[in-house]
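Respectively, the protein sequence lines represent chains A and B. Each residue of the first sequence is one higher than the one before, starting from 0 at the first, in numbering that gives the first Met the number 0. Each residue of the second sequence is one higher than the one before, starting from 0 at the first, in numbering that gives the first Met the number 0.
Hints are supplied without guarantee of correctness; some may be wrong.
List time: in silico EDC-like cross-link candidates among lysine to aspartate or glutamate, alpha-carbon distance up to 20 angstroms [as the list claims (entries may be wrong)]:
hint	chain 1	residue 1	chain 2	residue 2
1	B	Lys-86	A	Glu-203
2	A	Lys-202	A	Glu-10
3	B	Lys-135	A	Asp-79
Please keep in mind that the hints were generated in silico from the structure rather than gathered at the bench.
The primary structure of each chain is shown beneath.
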Amino acid sequence: MRTLRFILQKEFRQIFRDKGILRIIFILPIMQLIVLPMAADYEMKNIQIAVTDHDHSDYSRKLISKITASGYFKLVSYDDAFNQSMKQVELDKADLILEIPASFEKELVKEDKASLFIAVNAINGVKGSLGGAYLAAIIRSFNNDVRMDWVQFPRFNPEPQIEVASSNWFNPHMNYKLFMVPGILVLLLTMVGTNLTAINIVKEKEIGTIEQINVTPIKKYHFILGKLIPFWVLGLVVMSLGFVVARVVYGIVPIGSFVTIYVFAAVYLLAVLGLGLLISTYSATQQQAMLVSFFIMMIFVLMGGLYTSIDSMPEWAKWITKFNPVSYFIDVMRLVVLKGSTLADIKQQLLSISAFAVGLNLWAVYSYRKRS
Amino acid sequence: MQHNKAITVENLTKRFGNFTAVDAISFEVDKGEIFGFLGANGAGKTTAMRMLCGLSLPTAGKATVAGFDVFKQNEEIKRNIGYMSQKFSLYEDLTVKENIRFYGGIYGKSNAFIKEKTGYLLQHLHLEKEANVLVKELPLGWKQKLAFSVAIFHEPEIVFLDEPTGGVDPVTRREFWNMIYEAASNGITVFVTTHYMDEAEYCNRVSIMVDGKIEALDTPTGLKQTYHASSMDDVFVQLARKAVRSDG
Chain A
0 MRTLRFILQK EFRQIFRDKG ILRIIFILPI MQLIVLPMAA DYEMKNIQIA VTDHDHSDYS
60 RKLISKITAS GYFKLVSYDD AFNQSMKQVE LDKADLILEI PASFEKELVK EDKASLFIAV
120 NAINGVKGSL GGAYLAAIIR SFNNDVRMDW VQFPRFNPEP QIEVASSNWF NPHMNYKLFM
180 VPGILVLLLT MVGTNLTAIN IVKEKEIGTI EQINVTPIKK YHFILGKLIP FWVLGLVVMS
240 LGFVVARVVY GIVPIGSFVT IYVFAAVYLL AVLGLGLLIS TYSATQQQAM LVSFFIMMIF
300 VLMGGLYTSI DSMPEWAKWI TKFNPVSYFI DVMRLVVLKG STLADIKQQL LSISAFAVGL
360 NLWAVYSYRK RS
Chain B
0 MQHNKAITVE NLTKRFGNFT AVDAISFEVD KGEIFGFLGA NGAGKTTAMR MLCGLSLPTA
60 GKATVAGFDV FKQNEEIKRN IGYMSQKFSL YEDLTVKENI RFYGGIYGKS NAFIKEKTGY
120 LLQHLHLEKE ANVLVKELPL GWKQKLAFSV AIFHEPEIVF LDEPTGGVDP VTRREFWNMI
180 YEAASNGITV FVTTHYMDEA EYCNRVSIMV DGKIEALDTP TGLKQTYHAS SMDDVFVQLA
240 RKAVRSDG
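Let the hints inform the model, and build the full structure from the sequences given.
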């Protein structure tokens, strides 16, 4: 125990003496937490639309003004020929083309049906498909408006209509920040934890002090604990700061208990720090450690369920996410922050992450060799 | 454990794949002796030393350090030795005092011991004013003397020095050797590698390694007689010329 105290004293001194590291630990995550959720907005605005209007009728103009009035679309061109609208797409100025046929109004009034054509620029897939869906919704609503105008007294409805009303539970206003901010906080914590531990130990390898340590009677687990504990404490501090930012900037207060979050985070941090240790035992230089942790981080981020829903992944990819500690914490964060889940509710995730923590750290201790 | 020799080595061998870095060397080092371990670059000195310190597992042979077996009792060995590597190994971002305290602490020395000995050491090294200066601010010669003092701070039986005076000016080198003599007179066995032949003359006995084998082992005077040489420099050149292994 006494040995551990000496190691901890040394580690904390070194961390607090390195102003660069302190900046990375405290300022960068907070700045990112302020900037990223604002930018990573899933709501599509300013979808550029080009309209080819062969009809030039009252109704076609009504439809167009309804579209632009929705606030989601920006009319970039209004042409007579489809080719001209297409040119806007080719120049990447338009995301969508709406083609209104020449007989639009006539057919709508006389034959009670009309067809429209939507062409989507799918280079930016998300924008294209969301834009197409928004536009379809607006046209549907336009259709209803038109019918309301005609049917003066609805004695009977020739087509039975089913209207689907949905209500969003746990996040009634579908405020995307409510699920983005806790998720991004998880990513930041993971990055800080893994990278710092990995680099810290490899740095000792590079400057040669690790050899001096290896020639002392220091115990392996003392050395590893001495590296883990400081970053574990710092990780919890970063998370606390993150929650302060979430409260002050976004007004997010977890519905569930902070105790639940901190209990999970405490175990989670052990897992990611263990991963950092493991990377460091297999790397000889800081560049190696950086690259390896960068690639692992890419997979963690993209397969963590923050940017793409795990449920919509193919079966094999879902299996991969089971080996991604990030996916568990993002899941837990959302459950606790949005739904107010308790420790009993997240028992399964807590067990899984504990297995990660134990497994990764044992592996790291095992592969750290004092003797080559 | 009862033992008469500080180090005993019998046919100690280390192979990396097909390459035999250390080829069945045998020697003994008496307690309190200053033992010079010479050899050209790549002769296998550092590898041999790392095996004795418990940093590298030997492929074959037998060896004891401070009475402990290098194969099985490497952690016991570590409690009883000090080591100063080629690479400077103090923490540059810690102060002089913090480095001493850290290394004293992890060898399990008491706070009272650390405090008293730190005071003595700083005075002895004339570093009282620099006690709270970061180690990276010190000139190289001072750093090396400090590193040596830290290596023997926990009063080990044996201290291993791997080219401790590389890149140090002659005056500091002289002072450094005075410190080595002082340590030896306090009963610490000194096992030192060097490239400076004048330093070899300061040793009680000297071994010279060529291509992983020990080619000669005697007192400096004895070696000069055997090889009809006027200086250790001469002896070394005669032996090192036989090497077939290239530098590196």
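Against the structure, the hints:
1. B:Lys-86 / A:Glu-203: Holds - the C-alpha atoms of Glu-203 (chain A) and Lys-86 (chain B) are around 12 angstroms apart, at most 20 angstroms.
2. A:Lys-202 / A:Glu-10: holds, 13 angstroms
3. B:Lys-135 / A:Asp-79: violated, 76 angstroms
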